[in-house]
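Enquirer: So the chains spell out like this:
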Amino acid sequence: ETGVTQSPTHLIKTRGQQVTLRCSSQSGHNTVSWYQQALGQGPQFIFQYYREEENGRGNFPPRFSGLQFPNYSSELNVNALELDDSALYLCASSLAGTFRPDTQYFGPGTRLTVL
Amino acid sequence: QKEVEQNSGPLSVPEGAIASLNCTYSDRGSQSFFWYRQYSGKSPELIMSIYSNGDKEDGRFTAQLNKASQYVSLLIRDSQPSDSATYLCAVKTSTDKLIFGTGTRLQVFP
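Chains as they are written, first to last, in my numbering: chain A, 1 to 115; chain B, 1 to 110.
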């Protein structure tokens, strides 16, 4: 167990709806990154938050947005859901503001299905 | 050309054998390289990191890096059925992003 938690575990939505996924960082970690992992693919970086500010973004459209709160927990919001948004969404927390994969711990993920 | 490429497998090896997993990357400015293990339905777990050319050993795992050839590999000695999983290669690029390959599925049979 890494100390990173995510909710919900599973979620089913229909196309066009909006969804919010939540992540609670490991104690003391001030950086959170979100990844999308489609079936049979590796995780793809969505964005990173450091001290409540977006600190890097991958090739995802603006309908993917996020928030980080003062307690370093985080949300991923996806608007206007599309079928291709069906995936495992992973958050990962770490200590440093820059990418330090060797200090980054993944949560268990949220499985999103879009019908 | 994909930024990080791996053979999707499955790679099947008998118990006790050496499993060899390979990865190539496109960004010559990349400096940090990682191997993750991911069991079915679970999140990735970091098992090795390597930053310099050559070999790095940790227990039954050896990571190998050749920056000139833009090639990273992972050797698993004395493979066990519990090693059966998908192994993801990840590269921290010169633009400070972590790019994953699609993963290689390893099957270790008794």
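Check before you lean on any hint, since a few could be wrong.
Unchecked claim - Simulated DEER-style distance windows between Cβ atoms:
id, chain 1, residue 1, chain 2, residue 2, range
1, A, Pro70, B, Ser52, 23 to 29 Å
2, A, Ala38, B, Ser26, 32 to 38 Å
3, B, Phe109, A, Asn59, 21 to 27 Å
4, B, Ile18, A, Thr9, 15 to 21 Å
5, A, Asp102, B, Glu15, 27 to 33 Å
Unchecked claim - Counterexamples of contact, computed for chain A against chain B with all Cβ distances above 10 Å:
id, residue
6, Ser33
7, Gly42
8, Gln44
9, Leu90
10, Gln104
11, Leu115
What the hints assert, rightly or not - Stretch-level coverage of chain A by chain B, calculated; a stretch enters the list once three of its residues show a Cβ under 8 Å from a Cβ in chain B:
id, region
12, 68 to 82
13, 106 to 112
None of these hints come from the bench; they were simulated from the model.
Cβ coordinates follow ideal geometry from the N, Cα and C atoms, glycine included.
Enquirer: Going back to the hint list, which numbers does this structure go against?
Expert: Hints 1, 2, 3, 4, 6, 7, 8, 9, 10, 12 not satisfied by this model.
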